[in-house]
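The lines below spell out each chain.
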Amino acid sequence: MTASTSGDPAPPTEVTLGEIFRAFLLIGATSFGGGVMAYLRASLVDKHRWIDDSTFVQMLAMSQSLPGLNSTNMAVLVGDHLRGTAGAAAAICGMCLPGSLIMFAIGTLHGQLADRPAVTAMLHGVAAAAVGLVMAVAMQLGRKVVTRIDDLAFVALAVIGVNVLHLSVLAVLGVVGALAIWWHRPRAAAPPPPGR
Amino acid sequence: MTQLPALISVFAYLSLLTVGGGLAAFPELKYLTVDRYHWLDATALIHLYSLGQVAPGPNMMMVAAIGERVAGEMPAVRTAQADGDRA
Chain L
1 MTASTSGDPA PPTEVTLGEI FRAFLLIGAT SFGGGVMAYL RASLVDKHRW
51 IDDSTFVQML AMSQSLPGLN STNMAVLVGD HLRGTAGAAA AICGMCLPGS
101 LIMFAIGTLH GQLADRPAVT AMLHGVAAAA VGLVMAVAMQ LGRKVVTRID
151 DLAFVALAVI GVNVLHLSVL AVLGVVGALA IWWHRPRAAA PPPPGR
Chain W
1 MTQLPALISV FAYLSLLTVG GGLAAFPELK YLTVDRYHWL DATALIHLYS
51 LGQVAPGPNM MMVAAIGERV AGEMPAVRTA QADGDRA
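If you read the protein sequences in the order shown, they are chains L and W. Per the numbering used here, the very first residue in the first sequence carries number 1; after that it's consecutive. Per the numbering used here, the very first residue in the second sequence carries number 1; after that it's consecutive.
Rather than coming from a laboratory, the hints here were simulated on the basis of the structure. Think of the CB as a built atom: it goes at the ideal place given N, C-alpha and C, for glycine as much as any other residue. There's no promise every hint is true.
[To be verified] Per label pair, the in silico range of CB-to-CB distance: (1) W:A42 <-> L:V146: 24 to 32 Å; (2) L:D52 <-> W:R36: 39 to 47 Å; (3) W:A42 <-> L:L109: 13 to 21 Å.
[Claimed, not checked] If you want the ones that stay clear, here's a sample from chain L, every Cβ over 10 Å from chain W, calculated: (4) V15; (5) T16; (6) L17; (7) R41; (8) A42; (9) S43; (10) W50; (11) F56; (12) R116; (13) A118; (14) T147; (15) D150; (16) L170; (17) L179; (18) A180; (19) W182.
[What the hints assert, rightly or not] Covered by chain L, according to a simulated footprint, are these stretches of chain W (three or more residues, beta-carbon under 8 Å): (20) 8-18; (21) 25-38; (22) 52-65.
Extracted from the complex, chain W is given alone in its bound form (with noise of 0.2 Å):
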């Protein structure tokens, strides 16, 4: 729980570089969850994101997949969040 407030403010600042599309802002999505926070290897976040390809919705839904890895049920929703609602 204690990274909540990194998880909002990563998530919101990368949320502002998606112009034009969620797959703007992969490369710094990459730096900042695999080596900056190391909240999760850099094979499981290309699963997730592949994954995320294959879910319906927004492909960047998988964001809460690494929320829910983060810190536990909550913050998954609170990531998806930050991530759709800067509009």
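The following block holds chain L by itself, in its conformation from the complex (with noise of 0.2 Å):
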């Protein structure tokens, strides 16, 4: 099924399967450190034209909705618009075909060589930077997402279901979602927000 964003306009040539597998096998070897949705952009909006701006943004909010990793969710509904159930495969096998290659030599070394002092040491400093990458993007979502006080009270629940309490992520994402929803539901005349 090729229409997977309604009222889209069928793209211009027919791509065929080898273009599209070629092109994720190049984002999937070339996008280093985790903004493979800049590479994506780069590459099948400007580079190959395949989709236009506003579908790809559509797109993206539809992978950052849905369960999955959103990049790989984007291969699926690029490939899908432009060659159906076959272009999806061919996406996210190309996406996912050289990062695992490589994660998966880096294992087999690292069962090996993690208690080298030296590899130790290097293992140390990718983890720090690991970590701030991370706290960069908590922070850019942070900016974006929580823009109230009250918002503040979730994410502190969240971080003491998950961290403190060690409940699942699951029981923490019913609950504290749920609850927040409910503090976000639409209301008819607005008195002010409470904590506001």
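If you follow the hints, you should be able to join the two separate chains into one complex; please do so.
Here it is in structure tokens:
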């Protein structure tokens, strides 16, 4: 089924499965440091012109709000848009192949070399850098999403639930998510929101 | 090889939790792989996660390295697929 995002015009020219696979293989092999979306946009919108900017943003929103990795969701949506199910399979294989092969090799090496002092020191440095990257992502997301003081209460509840009480993420998502939805429910006449 | 069904079910479940990005599932990833199944220790998980940030492609391809640790060559492929294919 090609009509993943209804109302989109069909892609201008027929794109072959090989082209889809190669484009996503290149993205999978060159997108260092987690900014896969930027690489996707540069390739799909600017370079190949397979989708336009508004379609990209629409697909991005779907990728982020559905379960699964954002970048692999995106590969499935774009591949499906271009060539249906086979296109989706070509896109996800291309996207995942380089990284998983490299991580497979790294996993083997890590198992054999992790005890050596030089390797331990290097891994320590990489881990510190990864913490920095994770914090950067959390801050970017926070600036966009946590816009009211009372939102911080839900942030705190989620942290306490996972890190202090060691509840399962699924339970925390269910309870805190439901609370947050109830708190932010649309209200009829607008009394000033409490906690502000 | 006997861990294969557990690998697939753990990562398929984690995949359903990653709403908004792979990072969302990290606490559960740590709990399941380290505390519950003892596939690797916490330090190794943090090392592999960090290396996943450095390697190209989606960062969560580091699950291939966990699969490789648990049961050798084939499961690494399955693990990556289970995490990637749920769209």
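Taking the hints in turn, this is what the structure says about them:
{"no.": "1", "hint": "W:A42 <-> L:V146: 24 to 32 Å", "in the structure": "28 Å, holds"}
{"no.": "2", "hint": "L:D52 <-> W:R36: 39 to 47 Å", "in the structure": "46 Å, holds"}
{"no.": "3", "hint": "W:A42 <-> L:L109: 13 to 21 Å", "in the structure": "19 Å, holds"}
{"no.": "4", "hint": "V15", "in the structure": "19 Å, holds"}
{"no.": "5", "hint": "T16", "in the structure": "22 Å, holds"}
{"no.": "6", "hint": "L17", "in the structure": "17 Å, holds"}
{"no.": "7", "hint": "R41", "in the structure": "15 Å, holds"}
{"no.": "8", "hint": "A42", "in the structure": "14 Å, holds"}
{"no.": "9", "hint": "S43", "in the structure": "13 Å, holds"}
{"no.": "10", "hint": "W50", "in the structure": "18 Å, holds"}
{"no.": "11", "hint": "F56", "in the structure": "17 Å, holds"}
{"no.": "12", "hint": "R116", "in the structure": "13 Å, holds"}
{"no.": "13", "hint": "A118", "in the structure": "14 Å, holds"}
{"no.": "14", "hint": "T147", "in the structure": "16 Å, holds"}
{"no.": "15", "hint": "D150", "in the structure": "20 Å, holds"}
{"no.": "16", "hint": "L170", "in the structure": "6 Å, violated"}
{"no.": "17", "hint": "L179", "in the structure": "16 Å, holds"}
{"no.": "18", "hint": "A180", "in the structure": "13 Å, holds"}
{"no.": "19", "hint": "W182", "in the structure": "18 Å, holds"}
{"no.": "20", "hint": "8-18", "in the structure": "holds (count 4)"}
{"no.": "21", "hint": "25-38", "in the structure": "holds (count 4)"}
{"no.": "22", "hint": "52-65", "in the structure": "holds (count 14)"}
Of the numbered hints listed earlier, the single one contradicted by the structure is hint 16.
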